[in-house]
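Student: Here is what each chain is made of, one letter per residue.
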Amino acid sequence: MKKGKIAMTITIGIACFALVTVMMMQFKVVNETDITAIEEMQESELKTELANWKSRYEEIDAQYQEVTQRIEEYKNDEESNSEASQLVQEELEQTNTLLGLTDVHGEGIVITLKSGENTAAISADDLLIIVNALKFAGAEAISINDQRIINTTDIVYITSGDFIKVNGQRILEPYVIKVIGNQSHMESAVTGTGGKVDELQALDHTVTIEKDNDITIGKYDGEIETRYIE
Amino acid sequence: MPNKKLISIILGVMCFALTLGIVVQVRTIRNTNSTIGQNQEANELRDEILRYKERYDNRFAELERAEEELEKEREEATQNNSELEQAQQQITKGNKLTGMTEVTGPGVIITLKDGTGIATSTLNPSQLIVHDIDVLSVVNELINAGAEAISINDQRWVLTTAISCRGNTIDINGERIGAPFVIKAIGLPEYLAGLERVGGYLEYMKRDGVGVSLERSNSITIPKYSGAINFEYLQNVEE
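Chains A and B are the protein sequences, given in the same order. When you number the first sequence by this note's numbering, it's gap-free, plus one each residue, and the end is 230. When you number the second sequence by this note's numbering, it's gap-free, plus one each residue, and the end is 239.
I should point out that these hints are in silico values taken from the structure, not numbers from a laboratory. Just so you know, these numbers come straight off a predicted model, no measurement behind them. Treat the hints with care, as some may be off.
What the hints assert, rightly or not - Simulated restraints, written as ranges between beta carbons of each label pair:
hint, chain 1, residue 1, chain 2, residue 2, range
1, A, Gly192, B, Thr169, 16 to 24 Å
2, A, Gln89, B, Glu41, 48 to 56 Å
3, B, Asn80, A, Phe163, 47 to 55 Å
Unchecked claim - Which chain A residues stay away from chain B? Per the calculated CB distances, all over 12 Å, these:
hint, residue
4, Lys3
5, Glu45
6, Ser115
7, Thr119
8, Ala120
9, Asn145
10, Val176
11, Gly181
12, His185
13, Gly192
14, Asp204
15, Thr206
16, Thr208
17, Ile217
Said to hold, decoys possible - Some chain B residues flagged as far from chain A (calculated, every beta-carbon gap over 10 Å):
hint, residue
18, Phe16
19, Glu41
20, Leu159
21, Ala179
22, Pro180
23, Val198
24, Gly209
25, Gly211
26, Ser213
27, Arg216
From the three backbone atoms N, C-alpha and C, an ideal C-beta is built for every residue, glycine too.
Isolated chain A (complex conformation):
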């Protein structure tokens, strides 16, 4: 009698354990299949999403190939100091390019903006939105009145003086935005329906866009300090 009871308890215990495990597994499967987002998408959206992931994969793959190649180069040049020096200098130059600490040139467009006389002046937000739209379209380097846009550039309106500051430096009209990137992508990023340039023109501001096959954009001329990141 007693033996039977123990056996039964154990059996039930095991059964419960198995059931709970199965349930956990199921929960995990449901959690992991984060396909809910793509499930709701239509075919055209899916195609865009696929192109997006393809290009993200290719981008990261190219970067991976580059890094592994560099590692090989370092390994092969262990004995020779001059080659190591060249490798380090190359890497440093690349880092400085990303930081905006080098003068750069390439094809692109120049946008010139001047506020209309009988309407509210072009604002810091307008410039911020234009820069954002250019970046979204693949801009590789941007400057406003020769202030280089780096990843820690702010564009703010100073109420007390009624002017705009970029990188903490005061800029005055006309605002000249230089951008390096695919010319037609850059232009269509700010023109057409919903484009900031068309919107500003409709508000009576003067905006011109010029294509230029070789624009030079100067480097960021300040110290980029870090005190808090580790």
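Once you have looked at the hints, place chain B on chain A.
Tutor: Below, chain B alone, put in the same frame as chain A:
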């Protein structure tokens, strides 16, 4: 005897609960399958997206390991030369600034949630929603307050980062994210917390009914950029 009855009842209830759980789960999965089963071509696209996503995830993990190795190799190659050592330190520091490595430090975490208030005739329902321009403005103010590294829902803010509206969600670094938006920034917490000042953008959003919160922290971790920056049109000017 009453003991036995009690056990039976408990067992009965447990079995019922477990069965219920399993049935719910099976149903959920079956539902998922039925939506997927709708269209052959769309299914293939979904499969391919998941495949590429997986390939991307794997490559990204490999890239992270390779970058660590590269840093070691670089350190080794430069350790006996003070000039090179300086260059190596500049690269390491630069990688933190450009978003190519993970960073930690003190700072603030700002959360923006779509408002839950009911739109009245005076309140435009669109005001309750967090827009791309809102996120952009907060980032701009954080930089103005001295932020050294920023992420939005763990997407690192880098040189080429743009924020774009895509229906109810926003697009950032090729990733689609939705509210709530969690913006992390590393910098002097006292300065960064200044974003809550009267007349600042956060207050402006609060007035519109958006859910805004700001929290200081002594240790924030911001991940590395999820992509790679490659230049196609740009070249350095030869000196």
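Student: The structure should be examined with respect to each hint, and the outcome stated for every one.
Tutor: To see whether the hints hold, each was checked on the structure:
A hinted range of 16 to 24 Å holds for the C-beta pair glycine 192 of chain A and threonine 169 of chain B, which are about 23 Å apart. For glutamine 89 of chain A and glutamate 41 of chain B, the hinted distance range of 48 to 56 Å is satisfied, since their beta carbons lie about 51 Å from each other. The hinted window of 47 to 55 Å between asparagine 80 of chain B and phenylalanine 163 of chain A holds, with their beta carbons roughly 51 Å apart. With a closest Cβ-Cβ approach of about 16 Å to chain B, lysine 3 of chain A is found to remain outside the 12 Å limit, as its non-interface label requires.
With a closest Cβ-Cβ approach of about 9 Å to chain B, glutamate 45 of chain A is found to fall inside the 12 Å limit, against its non-interface label. The beta carbon of serine 115 of chain A sits about 20 Å from the closest Cβ of chain B, which is more than 12 Å, so the claim that it is off the interface holds. The claim that threonine 119 of chain A lies off the interface holds: its Cβ sits roughly 20 Å from the closest Cβ of chain B, which is beyond the 12 Å cut-off. The claim that alanine 120 of chain A is not at the interface with chain B holds, since no C-beta of that chain comes within 12 Å of its own (minimum 17 Å).
Every beta carbon of chain B lies more than 12 Å from that of asparagine 145 of chain A, the smallest distance being close to 17 Å; the non-interface claim holds. With a closest Cβ-Cβ approach of about 18 Å to chain B, valine 176 of chain A is found to remain outside the 12 Å limit, as its non-interface label requires. With a closest Cβ-Cβ approach of about 5 Å to chain B, glycine 181 of chain A is found to fall inside the 12 Å limit, against its non-interface label. Non-interface call for histidine 185 of chain A relative to chain B: violated, since the shortest CB-CB distance, roughly 10 Å, does not exceed 12 Å.
No beta-carbon of chain B is positioned within 12 Å of the beta-carbon of glycine 192 of chain A; the least distance is around 15 Å. Every Cβ of chain B is farther than 12 Å from the Cβ of aspartate 204 of chain A; the closest lies at roughly 22 Å, confirming the non-interface assignment. No Cβ of chain B comes within 12 Å of the Cβ of threonine 206 of chain A; the nearest lies about 24 Å off, and the non-interface call holds. The Cβ of threonine 208 of chain A sits about 21 Å from the closest Cβ of chain B, beyond the 12 Å cut-off, so the non-interface label holds.
Isoleucine 217 of chain A, annotated as away from the interface, has a beta carbon of chain B within 12 Å; the closest lies near 8 Å. With a cut of 10 Å on Cβ distances, phenylalanine 16 of chain B stays outside the contact zone with chain A, its closest approach being about 12 Å. With a minimum CB-CB distance of about 7 Å to chain A, glutamate 41 of chain B fails to clear the 10 Å threshold, and the non-interface call is violated. The claim that leucine 159 of chain B is not at the interface with chain A is violated, since a C-beta of that chain comes within 10 Å of its own (minimum 4 Å).
With a closest Cβ-Cβ approach of about 14 Å to chain A, alanine 179 of chain B is found to remain outside the 10 Å limit, as its non-interface label requires. At roughly 16 Å from the closest C-beta of chain A, the C-beta of proline 180 of chain B stays outside 10 Å, upholding its exclusion from the interface. The beta carbon of valine 198 of chain B sits about 13 Å from the closest Cβ of chain A, which is more than 10 Å, so the claim that it is off the interface holds. No beta-carbon of chain A is positioned within 10 Å of the beta-carbon of glycine 209 of chain B; the least distance is around 21 Å.
The beta carbon of glycine 211 of chain B is kept farther than 10 Å from every beta carbon of chain A, the shortest such distance being approximately 22 Å. Against the 10 Å criterion, serine 213 of chain B stays outside the reach of chain A, whose nearest CB is about 21 Å from its own CB. A cut-off of 10 Å between C-beta atoms confirms that arginine 216 of chain B is not in contact with chain A; the least separation is 13 Å.
When the structure is compared with the earlier hints, violations turn up for hints 5, 11, 12, 17, 19 and 20 and for no others.
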